[in-house]
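Asker: Residues per chain are reported as follows:
Protein chains: 2
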Amino acid sequence: MKKAVFCVVMLAAALTAGAQKISSPNGKLNLIFSIDKGGCPTYTLTYGDKTVVAPSHLGYQLKMDDPNKKTDFEWNTPVAASDEIVRKADLMTGFATTSVETSSFDETWSPVWGEESSIRNHYNELLVHLNQAKNDRSMDIRFRLFDDGLGFRYEFPDQKNLTYFTIKEEKSEFAMTGNHTAWWIAGDYDTQEYEWQTTRLSEIRENMKNAIAPNSSQTPAGPTTVQTSLQMKTDDGLYINLHEAACINYATMHLTYDETNNSFVSHLTPDAAGDKGHIQTPSTSPWRTVIVGEQATDILASRITLNLNEPCKLEDTSWIHPTKYVGVWWEMITGAGTWSYTDDLNSVQLGVTDYTKTKPNGKHGANTKHVKDYIDFAAENGFDAVLVEGWNEGWEDWFGHQKDYVFDFVTPYPDFDVKEISEYAKSKGVKMIMHHETSSSTTNYERHLEDAYDFMNKWGYTSVKSGYVGDIVPYGEHHYSQPLNNHYLYCIKKAADHKIMVNAHEATRPTGICRTYPNWIGNESARGTEYESFGGNPVNHTTILPFTRSIGGPMDYTPGIFVMDLGTWAEGNTSKVRSTLARQLALYVTLYSPLQMAADIIEHYQEKMDAFQFIKDVPCDWDKSLYLEAEPGQYIVTARKAKGADEWFIGCTAAECGHTSNINLDFLTPGKTYTATIYADAKGTAWDNNPEGYVITTKKVTSKSTLKKLVAGAGGGFAISIK
Amino acid sequence: MKKAVFCVVMLAAALTAGAQKISSPNGKLNLIFSIDKGGCPTYTLTYGDKTVVAPSHLGYQLKMDDPNKKTDFEWNTPVAASDEIVRKADLMTGFATTSVETSSFDETWSPVWGEESSIRNHYNELLVHLNQAKNDRSMDIRFRLFDDGLGFRYEFPDQKNLTYFTIKEEKSEFAMTGNHTAWWIAGDYDTQEYEWQTTRLSEIRENMKNAIAPNSSQTPAGPTTVQTSLQMKTDDGLYINLHEAACINYATMHLTYDETNNSFVSHLTPDAAGDKGHIQTPSTSPWRTVIVGEQATDILASRITLNLNEPCKLEDTSWIHPTKYVGVWWEMITGAGTWSYTDDLNSVQLGVTDYTKTKPNGKHGANTKHVKDYIDFAAENGFDAVLVEGWNEGWEDWFGHQKDYVFDFVTPYPDFDVKEISEYAKSKGVKMIMHHETSSSTTNYERHLEDAYDFMNKWGYTSVKSGYVGDIVPYGEHHYSQPLNNHYLYCIKKAADHKIMVNAHEATRPTGICRTYPNWIGNESARGTEYESFGGNPVNHTTILPFTRSIGGPMDYTPGIFVMDLGTWAEGNTSKVRSTLARQLALYVTLYSPLQMAADIIEHYQEKMDAFQFIKDVPCDWDKSLYLEAEPGQYIVTARKAKGADEWFIGCTAAECGHTSNINLDFLTPGKTYTATIYADAKGTAWDNNPEGYVITTKKVTSKSTLKKLVAGAGGGFAISIK
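These protein sequence lines map, in sequence, to chains A and B. Numbered according to this note's numbering, the first sequence spans residues 359 to 1081. Numbered according to this note's numbering, the second sequence spans residues 359 to 1081.
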């Protein structure tokens, strides 16, 4: 309550000082900008009569090396910062508004691929020009208010007193108005693969320890620091989502919850030197986004993240294709096969180690014959491509050593015949997907990148799955720091030069940059299906992902598991997939991606070709998407229209309580009759009871039909094709 | 005294435990290896009846992440290492000798270029195989004892329990036997450009603060930590030099002086994460060298550093040439000209900034006309090449910002016509030397390296001067860490692929790797002539460099300054070169390098063509080198025979006390008469009195002649050509 009073006072003070106000196009969202008594930029966001973001400060703390510090060679003698340094480090107070500009914007644009073939970008804008007299510096803040939320960013004009600077911390505040329910994962500089927690804001600290599980690389960010996108729900029914857009040449943002002020404050990922960003003006920060909706489905329908990114910078995009694929992968993830070729080696020296003199372990997945089986399967079932992991030398000691020269990305194992496979795939009309696990040695990857992409071009690989497992080299760097974010984009641009599409695993969570570089067709950046083999994902996992991970862009979740008890075929694996088979089908609709894998081994599909038909039918590019029903952590029901075809696909994923839907098909073309094929959980099926039980039914439907009592069991779902 | 007693006891204990002993080929140096009571490898080095290195320990502390540490997400709660981790981190005690091997080696080899055309590599070797039972690990130590000193290194065989490890610190000890006089510079992870200090060992700490002056990048290593090569002199007349050889895939070593034990202990340069090295077995450490001589000249004549490096790995070396050059450089160093093209910009964006729309500052050195004047001068005077700095876009904001994309290495300023200059140089038979200042952004340099070298190949540049000024990007890295040392060698190898010679400034001090990769024709790695324009080098500087900096390999010192009062032509520069003109000539002989610059502006040479004749005559490749007289910090007199010609050149550099020589020419071919041309300080000339005064005399000489009373003034010298 104390906070609420404080907010009102703040607001009054701000308004007194000459506040600026804009409204969203539909008038529901309102933004007030002001300068507080200390000269700190301050904003407030309201939705109707509800406050979404209470008065919140904006600004930066800069890192300023004291010139005197350099002469401190008396070790262990701290040097106090001078008054001048303290003043220069402050990019937060002492500001005055010099001028403001307001404008409106409304355009409709077409993405190369996406959930919709046409996206409206409609906002009112407030650009505030600020001057900080005590340092003779200027800084602008640009606010864009859409019907579905707010984006704002900092802009640093070219100027004499702020040309190069180092960020100690960005201090963008998001003051909450209540003890909201939040769906969050622990802040971490090196992993995004934690389980989502569902707690009140006040419970973040006490749940943090449980929220952090061991990972191959991890650096927890703090006891109340969480990742974005952060989904919240207020007690009076508003849905609020905090994330960022266009994180380019900048560190990825976390949010630190300040319990005293019931407020989130930005917390950037540091680089190896502990700094949070090196900025050269003129420049802009990423956009900070606050998506707001009265319905949970409003969050899913928001296009703010894409709209705040720059239009496509690639002149020719004809080579970019949404892709459905199978791959030699799940067998290694489950432990039934290996990436490595031999068990003889505990230390590989590329170019020195002679694999032809080692004993094959007999479980190496990426062998020519096996790969050709996958090519056959892909060709027979209309898949675009085949991914093969573990094809190249180096997998015997690739992990956990921060090994610098860990892979060369061009030398296959003796049993993987690049030429034979490439020619065979080509003869079958199937594309091969390259795999570049970097073991997080980006130094090494960049040294080999040009040759690796040349190799792909030579052998006809048109896309690559890259991976960043383990601690980063350069030593001390973090997966989501400014240098690493620059690395990922460097690869994307280089790949575009080679007409290569990229699906980067373990890279920074996306922030909509795929609009600008649509060859960035995928990311992992969260717990994917692989965790079903490492003990399992929480049952509600896929009902949260679209509200959190997917806000920034598509995820290569790799659904499609048909055999849930992994121990039945992968010896020694005790994991059971926490999903029904029908839900596995539904995920192709509920988890949008232009890149969709049918992740299970092909033998499992061959046993259930009737259910597999849905995966064969479902496209991965869409004209239109409708979010029919949703509640984070409980259920999501999504309908999408195939791009360029009058076909609809519906998916439902449900958590522990299951879900029952009645779906009005009024989105179908009136007067036309379709055949709906419904893939549903068998009666009584749940993730922990007969999870592979499914029933397929068909019926004729029109735009006047309603599909009634569609039941998803616990951890279940349903999938529907309407043609 | 206590120490001395301790040493004797240790020695006795060691011998009791079964010590190993080898002698140098001439029997004067003796090495004793033993395991002390705690199982620590221990060595002692004696010269005749004098102890050079008292019993000293060898080994490592490893960094071991406690598996439990990963679960410490209670921030600020330190986790105590388990007993197991403490044990595993110990690669220093608990060793037993499993077997020893002794051998002898004697070969003579020819370097591609050098101080001698033929080098003898003659040593007795002791290889000790050690086992550490408590961790079931093995480690070998290989000692090579030459007549002029010791080299030893650690070797890690391929083994199960020591495959990958991280070095916390190497603990190689060098226990001294007295309070020696030492010539040292302050240990630092980012600069080698400090002034040499001459103190007793006991005085290191009290002199450290004065030993550290501000530098463009610096990270002092500790209050008693110094750099190698470290030159010492004992009170009983021995000269001892500590350095390293073949520092490959390893951090550069400093030495921390332990006052309690009168001992130096190795201190490696950390990487950005604070670690000192990532090792994959099988592997070897660099060699640690102890050069020993009764005369100071013995140190200069030692070839230990080269002999401990691997033979040349380049199959074709026909494209590697010793090079004498002039360049557009000194005018910028002195402030008379600029690297930058315009004064309009304080923030450059490569590819965006349009230089043709900026106003030239009128002082840009690298303009086509000016460069052609240098090409003319080089051609007329028999120089091989012309260096031009500041030719490429980006110099307006290149320094001090850790700017990532700071140069692209292929885009010239508008007034530098690459094509015209290349064609003109070719028509005159002169090579152009490329300049790649990286601003220490090695990430950026590696991204552009292939294109930059291709550009050089295209335009006929056969060598490059690279620079690493400022703090390193990747952030937090250090100039001499393992990743940076790997970067430098990566560039050398890539350059060799392009048949390019490299002269790397601000890179790690050399350790003889030029034997293996002779396209590494030079380094700076110490205060060069440029400091004469920044206030001046100490008068004794060039009498110390050959004992310290040059032990590892050639230095691009850039001598040949003819006008000592810089303010007479470079407006506002108050520096005076602390040398006579005659000494500037002598440096071409006393400071060996296959790459020698005539560093002054050509107008200054044109005024004194008689003195310039020596620079024209002196070669930079030799059949033989004789170190006639030397005392560190006082004087050096060197005679060298030109490669493939019966011509000798003699140089003397002297410090504050000057030096008078009588030189017996018995090294000349008997029965042959030569003309000696002597370039000497004019009477009364000293660095601070008429420094440009010189006298040139000629006389006929034979192998029976003695040149008498050759006088070098304070900070003076003489240079002699004998043809």
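Each hint should be verified, as a subset may be incorrect.
A pair counts as met if it fits within one copy or between any two copies, since identical chains are not told apart.
[Stated by the list, open to error] Subject to a maximum C-alpha distance of 30 Å in a straight line, what follows is the list of computed DSS-like cross-link-like pairs (lysine-lysine):
#  : residue 1 : residue 2
1  : Lys777    : Lys852
2  : Lys446    : Lys567
3  : Lys816    : Lys1066
4  : Lys852    : Lys1067
5  : Lys852    : Lys816
6  : Lys816    : Lys851
7  : Lys1062   : Lys1030
8  : Lys786    : Lys816
9  : Lys816    : Lys857
10 : Lys1057   : Lys1067
Simulated from the structure, these hints should not be mistaken for lab results.
Asker: All hints, please: hold or fail.
Answerer: Quick rundown of the hints versus the structure:
| no. | hint | verdict |
| --- | --- | --- |
| 1 | Lys777 / Lys852 | both (24 Å within a copy, 28 Å between copies) |
| 2 | Lys446 / Lys567 | between (37 Å within a copy, 29 Å between copies) |
| 3 | Lys816 / Lys1066 | neither (53 Å within a copy, 73 Å between copies) |
| 4 | Lys852 / Lys1067 | neither (50 Å within a copy, 68 Å between copies) |
| 5 | Lys852 / Lys816 | both (16 Å within a copy, 23 Å between copies) |
| 6 | Lys816 / Lys851 | both (19 Å within a copy, 25 Å between copies) |
| 7 | Lys1062 / Lys1030 | within (10 Å within a copy, 116 Å between copies) |
| 8 | Lys786 / Lys816 | within (18 Å within a copy, 43 Å between copies) |
| 9 | Lys816 / Lys857 | both (12 Å within a copy, 27 Å between copies) |
| 10 | Lys1057 / Lys1067 | within (14 Å within a copy, 115 Å between copies) |
Of the hints listed earlier, those the structure fails to meet are numbers 3 and 4, in rising order.
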